[in-house]
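Between the sequences and the hints, there should be enough to build the whole structure, so can you do that?
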Amino acid sequence: MKTIESYRELFPAAKNLVYLNHAGVAPMPSPVERAISEVLAECREYGASRYGKLFKGAERVRRRAAEYLDVAAADVAFVKNTSEGISFVAQGFPWREGDRVVVPEGEFPANIYPWLNLKRRGVEVIRVPVKGGRLLAEDFREALSLKRVRVLSVSAVEYGNGFANDLAMLGELCRERGIFFFVDGIQRLGWDTIEPERFGIQALSADSHKWLLGTEGIGLFYISKEARQIIEPIEVGWNSVANPLKFEMEDFNFREDAARYEAGSQAVTLVHGLGAALDLLLEVGIERIRTRALELSSLVAEAAVKRGYNLLSPREMGEATPIVTISVKRAPELVSSELLKEGVFVAPRGGGVRVSTHFFNNESDIEKLFDVLDEVDKQR
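First residue of the sequence shown? That's 1 in the numbering used here, and the numbers climb one at a time after it.
Hints are not guaranteed to be accurate.
What the hints assert, rightly or not - Below are the DSS-like pairs computed for lysine-lysine, each with C-alpha atoms no more than 25 Å apart in a straight line: (1) K378 to K306; (2) K225 to K56; (3) K329 to K306; (4) K368 to K329; (5) K378 to K368; (6) K15 to K341.
Calculated directly from the structure, the hints in this document are not laboratory data.
See the structure below:
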């Protein structure tokens, strides 16, 4: 078995930058670039004459994604981005005027705007407050106990400070109350997995350009068989139907599987890139990736405290993730910009500088981060 350190060579960006912004957009690994280039070369040389091969390859990727999530391939669809999957649920759910959806404060806009957009249909958005950087069980319980709450939509991990929500607890609260449970998985998939069936998640969406190491423009949408009977497709095309290659039809039935939400042609090139990313993650191993990413984030947190910085990220057992947000004296946008000038890539988020480590990072990256941060944030 290859050492986890040896995989660093698959990330050329690591030679050019201390790359600590996987919660934003991850650098492209060589296998992903290679997979995309091979599809493009195939199309250049043979046009559409080998599309059958490419579509079979896309179905292999669907099966790999299902393996990663520990679900059936029939429950997985490809989407353009996280927002598309969220909108599928928000717009396809059978709302009635006066219904409610619960969404925490502090969510990324992708998990806010689709729900706020429902106000014109008479749906009320209930917000769960953030307290001390955390979303508390008792506040979720109170919100979910209100009358006519139909859906809970929550991020597996909060983008600003990396707080990990207790999906098992939330799933149980939803199950007890008959509430539809949706999860934005983009800040967890890739450094860890999410098993939807284990947590009672009925639908989940995640783009692949962060921890999953894919590209922008392609993501995963999980939806259970039962949920497919609830969520009406809001985009309908030739690929939504039971016989997609039978073109001369005046009526149709939707496909039984999650591909009913894939209205038309897939971004096959990007799907193959995602497949290479999943192959890499599964080769390294979910447990090894999770352990290493968390180990490195703990080193970041410890080094920050030791040097006198305050942490904005909860770090208790079960809360901590590879995201560590550090309070700085100067404007976080300015500090992040000056760090980048010195070859350290982080992001201004959550009121501070957000550092997000992946498995190929190392201790030298963390040392460089703080050597530069101490210089650019001298006013602290």
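Going through the hints against the structure:
1. K378 to K306: 16 Å, holds
2. K225 to K56: 23 Å, holds
3. K329 to K306: 16 Å, holds
4. K368 to K329: The hint holds at about 19 Å.
5. K378 to K368: 16 Å, holds
6. K15 to K341: 15 Å, holds
The structure is consistent with each of the numbered hints, conforming to all of them.
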